[in-house]
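Produce the complete structure using the sequences and hints provided.
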Amino acid sequence: MKLRVAVTLLCATAALFAIAGADSPYRFFDWNVTFGDIYPLGVRQTGILINGQFPGPDIHSVTNDNLIINVHNSLNEPFLISWNGIQQRRNSYEDGVYGTTCPIPPGKNFTYILQVKDQIGSFFYFPSLAFHKAAGGFGGIRILSRPRIPVPFPDPAGDYTVLIGDWYKSNHTNLKARLDRGRKLPFPDGILINGRGPGGASFNVEQGKTYRLRISNVGLENSLNFRIQNHRLTLVEVEGTHTLQTTYSSIDLHVGQSCSVLFTADQPAKDYYVAVSTRFTSRVLTSTAILRYSNSAGPVSGPPPGGPTIQIDWSLNQARSIRKNLTASGPRPNPQGSYHYGLINTTRTIILANSAGQVNGKQRYAVNSVSFVPADTPLKLADYFKIGGVYHVGSISDSPRGGKIYLDTSVMQADYRAFVEIVFQNNENIVQSWHLDGYNFFVVGMDGGQWTPASRRGYNLHDAVSRCTTQVYPKSWTAVYVALDNVGMWNLRSEFWARQYLGQQFYLRVYTTSTSLRDEFLIPKNALICGRASGRRTRPL
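Residue numbers (mature numbering (1 follows the signal peptide of the UniProt record, and there is no 0)): -22 to -1, 1 to 519.
Keep in mind the hints are simulated off the structure, nothing from the lab.
Glycine included, C-beta positions come from ideal geometry on N, C-alpha and C.
Please note that a few of the clues may not be correct.
[Unchecked claim] In silico SDA-like pairs for lysine to any residue, Cα to Cα no more than 25 Å straight-line:
1) Lys95 to Pro132
2) Lys95 to Asp8
3) Lys86 to Gly513
4) Lys382 to Gln336
5) Lys248 to Lys154
6) Lys340 to Ile288
7) Lys154 to Ile288
8) Lys187 to Ser228
9) Lys453 to Ile288
[Said to hold, decoys possible] Across the chosen pairs, the derived CB separations fall in these ranges:
10) Asn29 to Arg496: 35 to 41 Å
11) Val351 to Gly426: 29 to 35 Å
12) Asp1 to Gly426: 47 to 53 Å
13) Gly186 to Gln289: 30 to 36 Å
14) Pro83 to Asn29: 17 to 23 Å
15) Lys86 to Thr305: 44 to 50 Å
16) Arg434 to Thr12: 46 to 52 Å
17) Ser377 to Leu439: 47 to 53 Å
18) Tyr394 to Ser52: 38 to 44 Å
This is the structure we're talking about:
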């Protein structure tokens, strides 16, 4: 077994040298994925562990590092890991979603070959198949700036990953079966902070020092508010973008979002509550962790600090206040890169409307009336091997056309290097959260009501934040600009995982006729082959 792993890693490393060159460091990870007993809310349930850990281990890296992650699937079912916010440049084969990647069969392993090219910031990974996300298998990813690139704040005394999310006491298999029967999920049972229920997690600090928290909402469906009793939070980064350093009493994170905040341990030395609670819900769930001063004079006392609950305006105003720090360097010395988004004309407008309804008596969710159905073969493999009939381009329209929800394997084609405007139109009464794999986009506007071309007059074309996940408030819209500079097949989805599972997603096929490696890498030599592509061989790199 050890010899086979070593050979796999050597082959993967050789393949990556051929693509990325030998000038960037390599970091190697060997993960064993298993089922195991966990007790996050005080009852035994089956969780997904990585190297025996729940949540899984953090990935620590530096801009441009090459990550070689050998994943052994010791579950009794197929498994995939996706990398939320890691932009695989020219290489959607490593994206870790079923539209691009064959699952790892039980008892087998697969080596992901990733490069955190020109990225910094806070992200996370998670399992993308079979509603596994409800069982764990997630962990934090941090990408530090290279030493010669200045960071717009002093080094903190400590740097913590904080994974927050709603949670069910039921096993993921029961939740999946409920969805398969066409039923909605019930309200969650609780909230976890780093895999633990109320009072289970703690963070140690020294009085007078400043700390960084990298917070990710890894839950299934609820927006969450994060706060620390008697302490202020200064936002410094969201999903790879340094922000203006605005200070808040608490901060909202919608499903799939990540951010970094700084806080100073400047209060009298004792223990304080770290509180996380649901937003926009009639019943509010709250969980707590403990912030413990090293010279603490006593434990926490009294109730946890309250936060906003159902107020939309509070959250909307906070979201609009999050702006890019234009004086800070990014992963490259030039903070603006090679262009400024506000000076480029968009070449296409795509309007995406989410909806919910019944198809054949079962609950489904849709984008522009199309509820996504996975094909029998990953779409990217169908492209590579030129297998017809797996999907057809144009199976989802550029704008909502009304009508009932219907099922299809929806794929939208877009031109490589186009600069497009995407409008997320939410006509439902709940907050939505949308994510685009392989890309960051500029969040240029959000407001209530229906989007119209006149809405562009209110866009922020100066210092909009660039990120990969955005919220859309009830009966509202959010507009983003995105430069389609990453060839491949990319998942655009709801981060509400029951909605994603039941069809609120599609694939954006960013296409070029070029076969140059400057535009897209060849299929990896170690790629798993499945579905209608089974038995076919890939070309060597």
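Outcome of the hint check:
This hinted pair checks out: Lys95 and Pro132 have alpha carbons roughly 24 Å apart, not beyond 25 Å. Between Lys95 and Asp8 the alpha-carbon distance is near 21 Å, which keeps this suggested pair within the 25 Å criterion. For the hint linking Lys86 to Gly513, the alpha-carbon distance of about 17 Å falls within 25 Å, and the restraint holds. The suggested pairing of Lys382 with Gln336 holds, with an alpha-carbon distance near 9 Å, which does not exceed 25 Å.
Distance hint between Lys248 and Lys154 is unfulfilled; the C-alpha atoms sit about 43 Å from each other, more than 25 Å. Annotation: proposed proximity of Lys340 to Ile288 is violated, straight-line Cα distance about 29 Å (limit 25 Å). Using a Cα cut-off of 25 Å, the hinted pair Lys154 and Ile288 is violated, with the two alpha carbons roughly 28 Å apart. A threshold of 25 Å between alpha carbons decides the hint, and for Lys187 with Ser228 the separation of about 20 Å falls inside it, so the pair holds.
Taking the CA atoms of Lys453 and Ile288, the gap is about 15 Å. The hint holds against a cut of 25 Å. Taking the beta carbon of each, Asn29 and Arg496 are about 37 Å apart, inside 35 to 41 Å as hinted. Separated by about 32 Å at the C-beta atoms, Val351 and Gly426 satisfy the suggested range of 29 to 35 Å. Against the hinted window of 47 to 53 Å, the Cβ-Cβ separation of Asp1 and Gly426 comes to about 49 Å, which satisfies the hint.
Under the hint 30 to 36 Å, the C-beta atoms of Gly186 and Gln289, about 34 Å apart, fit the expected range. The hint said 17 to 23 Å for the Cβ distance between Pro83 and Asn29, and at roughly 20 Å that hint holds. The hinted window of 44 to 50 Å between Lys86 and Thr305 holds, with their beta carbons roughly 49 Å apart. As the Cβ distance of Arg434 to Thr12 is approximately 51 Å, the hint placing it in 46 to 52 Å holds.
Taking the beta carbon of each, Ser377 and Leu439 are about 23 Å apart, not inside 47 to 53 Å as hinted. The hinted range of 38 to 44 Å is satisfied by Tyr394 and Ser52, whose Cβ atoms lie roughly 39 Å apart.
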